[in-house]
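Given the sequences, and given the hints that come with them, work out the whole structure.
Spelled out, the chains give:
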Amino acid sequence: MDDNQFMVLRDVTKVYPMGDTDVQALRGVNLQIRAGEFVAILGPSGSGKSTIMHILGCLDTPTSGTYHLDGVGIQGLDPNELAEIRNSRIGFVFQSFHLLPRATACENVELPLVFAGVNAADRRTMAERVLEQVGLGHRMRHLPNELSGGERQRVAIARSLVNGPSILLADEPTGNLDSRSGAEILALFEQLHAEGRTVILVTHDESIAQRTQRVISIFDGKIQPD
Amino acid sequence: MRLLPSLVLFARDLRTQKLRTFFALLGITWGTAAVVLLLAFGVGLRRFQSRRLHGVGDGIVVAWPLKTSLPFEGLPKGRPIRLRVDDVLKLASEIPELEAVCPELSLWDQPMVYGGRNDRAYVGGVYPCFGNLRYIYPQSGGRFLNEKDIEQRQRVIFIGDGIKKELFGDGEAVGETVFIRGTGFIVIGVLQPKLQSSSYGSGPDDRIAYIPASTMTSVFGQRDVNNFVYRAKDPRQQAFVTRRVYQVLARICGFDPADTETLFLWDASETNKFIFYFFLGFNTLLGLCGVFTLLVGGIAVANIMYLLVGQKTSEIGIQIAVGAKRRHILTQFLLQALVLVAAGGVAGLLISWGLTYILGVVPVPEELGVPEMSPIVCLVTVVLLGGIGLLAGYFPARRAASLDPVRSLGFGGL
Ligand SMILES: Nc1ncnc2c1ncn2[C@@H]1O[C@H](COP(=O)(O)OP(=O)(O)OP(=O)(O)O)[C@@H](O)[C@H]1O
Ligand SMILES: [Mg+2]
Numbered sequence: 001m002d003d004n005q006f007m008v009l010r011d012v013t014k015v016y017p018m019g020d021t022d023v024q025a026l027r028g029v030n031l032q033i034r035a036g037e038f039v040a041i042l043g044p045s046g047s048g049k050s051t052i053m054h055i056l057g058c059l060d061t062p063t064s065g066t067y068h069l070d071g072v073g074i075q076g077l078d079p080n081e082l083a084e085i086r087n088s089r090i091g092f093v094f095q096s097f098h099l100l101p102r103a104t105a106c107e108n109v110e111l112p113l114v115f116a117g118v119n120a121a122d123r124r125t126m127a128e129r130v131l132e133q134v135g136l137g138h139r140m141r142h143l144p145n146e147l148s149g150g151e152r153q154r155v156a157i158a159r160s161l162v163n164g165p166s167i168l169l170a171d172e173p174t175g176n177l178d179s180r181s182g183a184e185i186l187a188l189f190e191q192l193h194a195e196g197r198t199v200i201l202v203t204h205d206e207s208i209a210q211r212t213q214r215v216i217s218i219f220d221g222k223i224q225p226d
Numbered sequence: 227m228r229l230l231p232s233l234v235l236f237a238r239d240l241r242t243q244k245l246r247t248f249f250a251l252l253g254i255t256w257g258t259a260a261v262v263l264l265l266a267f268g269v270g271l272r273r274f275q276s277r278r279l280h281g282v283g284d285g286i287v288v289a290w291p292l293k294t295s296l297p298f299e300g301l302p303k304g305r306p307i308r309l310r311v312d313d314v315l316k317l318a319s320e321i322p323e324l325e326a327v328c329p330e331l332s333l334w335d336q337p338m339v340y341g342g343r344n345d346r347a348y349v350g351g352v353y354p355c356f357g358n359l360r361y362i363y364p365q366s367g368g369r370f371l372n373e374k375d376i377e378q379r380q381r382v383i384f385i386g387d388g389i390k391k392e393l394f395g396d397g398e399a400v401g402e403t404v405f406i407r408g409t410g411f412i413v414i415g416v417l418q419p420k421l422q423s424s425s426y427g428s429g430p431d432d433r434i435a436y437i438p439a440s441t442m443t444s445v446f447g448q449r450d451v452n453n454f455v456y457r458a459k460d461p462r463q464q465a466f467v468t469r470r471v472y473q474v475l476a477r478i479c480g481f482d483p484a485d486t487e488t489l490f491l492w493d494a495s496e497t498n499k500f501i502f503y504f505f506l507g508f509n510t511l512l513g514l515c516g517v518f519t520l521l522v523g524g525i526a527v528a529n530i531m532y533l534l535v536g537q538k539t540s541e542i543g544i545q546i547a548v549g550a551k552r553r554h555i556l557t558q559f560l561l562q563a564l565v566l567v568a569a570g571g572v573a574g575l576l577i578s579w580g581l582t583y584i585l586g587v588v589p590v591p592e593e594l595g596v597p598e599m600s601p602i603v604c605l606v607t608v609v610l611l612g613g614i615g616l617l618a619g620y621f622p623a624r625r626a627a628s629l630d631p632v633r634s635l636g637f638g639g640l
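Keeping their order, the protein sequence lines are chains S and H. For the first sequence, this note's numbering assigns the number 1 to the initial residue and increments by one for each residue that follows. For the second sequence, this note's numbering assigns the number 227 to the initial residue and increments by one for each residue that follows.
The hints are simulated quantities; they were obtained by calculation from the structure and are not laboratory data. The C-beta atom is built at its ideal place from N, Cα and C for all residues, glycine as well. One or more of the hints may lead you astray.
Said to hold, decoys possible - Far from chain H by the CB rule (all over 10 Å, computed), these chain S residues:
1) Tyr67
2) Leu69
3) Ala103
4) Ser148
5) Gln213
Stated by the list, open to error - Examples of chain S residues toward chain H, derived with CB under 8 Å:
6) His54
7) Pro79
8) Ala83
9) Glu84
10) Asn87
11) His98
12) Ala116
13) Gly182
14) Phe219
Structure representation (structure tokens):
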């Protein structure tokens, strides 16, 4: 095994039981991603992109096969250990933002810190710093429904960054945005990658995928050869 | 520290459920107040009633001689039993298990005159031990009958506070002379006012006057004992002592010791037991009503929590995605339910405290008693509330904590 490989999926399958029939979301995925790579996972709707992302983000576990993150097999970990990995090493960004609707931008960004056990004062300063970083210094006390789509996605990105994770997983982050906001968000991801993070972008849009270093195509639960 | 933000957000969530929150809080508040008040009233009522009962005397038996119901040694049944003072006094020497026994001679509806005022009352001719048996205690400055009064057949009288009020108003009674059918009696004491719910033939004690039994015989010629009062040293021996009383009197008066119709007995200790169990049952019932009201409130809280869990499925998914552990979600919802219950509980306790305070100050019918917010009642309520909060929170919290984050975020992270 290549020691440089940071995230390694081997023969990963994912089956969702749906009534009588099972849905085969992934059918034997082998995938290796190096630390600091900027990767796009490209595929049509229903091809299994999100499923891969959830597994890479330790939000879900494979039905069979193995996943090693930084040399550690995550199938041997208990839910609390997975929660700690998600909390400290992985940031998620979703297409529909997934902000808490009744929490301000700042409170949303603080959320991962709450579960990391950071005290209130530190949470506030850390959250404010990251919000400044994504260009939302002037929107800290706003509720999500008082923000534009682009601004909401920046809040979500700030939230994914606040714990200083080395991996960013974004599932169609520009899917709900107009082209200008989308371009801004993509520029932000490029910058975050330039700062040294591993960034994995899930998309069905070839033009977006082309902006990354490496495109992994997936079709019907299988990785297509490059 | 990490729970505080969850409570702030909880408060905002509740604002979307104003009506439901209001009714859940109302239920808990109402239930708490019900438990506390009902128990408080129960405790107050019981205390009052048993104090009143104790007014007639603790664990005493009052016995009236009646007629024989069995033939005895050739004599027919239906003979009246006549008891003299000495017969009763013999019981004391023959039954060592007796704490005290006192004969009572009776004159009903006697005119009593003092100066221009007069009254009519029952007069009992008794011995000094009567005071302790029947809780007849003098107000300060006076005394009850003593041995010397008996020996010397003193013309002294101890009067109930009701009679005193009638004859003397607010004036001093001790040392004054009261006339009964032309004979003067010096007042030696006035009864300390007492609470009393039960009494026998002679009426409540505030309307009774007592003179030495010997004086009643010498002045009014009264010899037959109307009744006698006794108490066993050990309350558990009451039944045995009563059997001995029959045996001794049967020998003295000549009747069958198995003939229980010869005496009519009133056992105050039995009434005491009855009152005790009656109020125990009463309090239990009241408490249960309160507990059920609380349970209904608890169900309303659980209902809100379930609703919130359902509504916030995706928010819970977000929390899990950013690193919430099972216990974070669990404690979050548990705490929220507890806070809701605690809010209602505090309101309920305050309301009951306010009501008992008002009722303690404002005159209410004496029979109700004064409600008491006893520490034990409060403790029971707090424990109950805690239990209900935990129950109301646990099941919704468990549902929240076992949500699958991928599913709750929607397929494909949408
Ligand atoms: N929780 C689930 N239960 C059942 N089936 C699921 C679940 N999640 C995904 N699937 C199914 O698995 C397959 C892959 O889903 P996935 O969300 O990974 O696709 P995707 O490539 O992200 O699609 P999209 O571009 O529409 O988001 C689909 O057929 C989907 O219907
Ligand atoms: Mg998807």
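For each hint, the structure was consulted:
Look at Tyr67 of chain S: its CB is around 15 Å from the nearest CB on chain H, clear of 10 Å, so calling it non-interface holds up. Taking the minimum C-beta to C-beta distance to chain H, about 15 Å, the non-interface status of Leu69 of chain S holds against the 10 Å cut. The claim that Ala103 of chain S is not at the interface with chain H is violated, since a C-beta of that chain comes within 10 Å of its own (minimum 6 Å). Against the 10 Å criterion, Ser148 of chain S stays outside the reach of chain H, whose nearest CB is about 19 Å from its own CB.
No Cβ of chain H comes within 10 Å of the Cβ of Gln213 of chain S; the nearest lies about 23 Å off, and the non-interface call holds. For the restraint placing His54 of chain S at the interface with chain H, the shortest Cβ-Cβ distance is roughly 5 Å, inside the 8 Å limit, so the hint holds. The criterion of a C-beta within 8 Å of any C-beta in chain H is met by Pro79 of chain S, whose closest approach is roughly 6 Å, and the hint holds. With a least beta-carbon distance of about 4 Å to chain H, the hint placing Ala83 of chain S at the interface is held under the 8 Å criterion.
With a least beta-carbon distance of about 7 Å to chain H, the hint placing Glu84 of chain S at the interface is held under the 8 Å criterion. About 2 Å separates the beta-carbon of Asn87 of chain S from the nearest beta-carbon of chain H, less than 8 Å, and the hint is met. The restraint placing His98 of chain S at the interface with chain H holds, with a minimum CB-CB distance near 5 Å, inside the 8 Å limit. Evaluation of the Ala116 of chain S hint against chain H yields a held restraint, the C-beta minimum of about 7 Å falling below 8 Å.
A least Cβ separation of about 17 Å between Gly182 of chain S and chain H goes past the 8 Å threshold, and the interface hint is therefore violated. With 8 Å as the threshold, the beta carbon of Phe219 of chain S stays out of range of chain H, its nearest partner Cβ sitting at about 16 Å, so the hint is violated.
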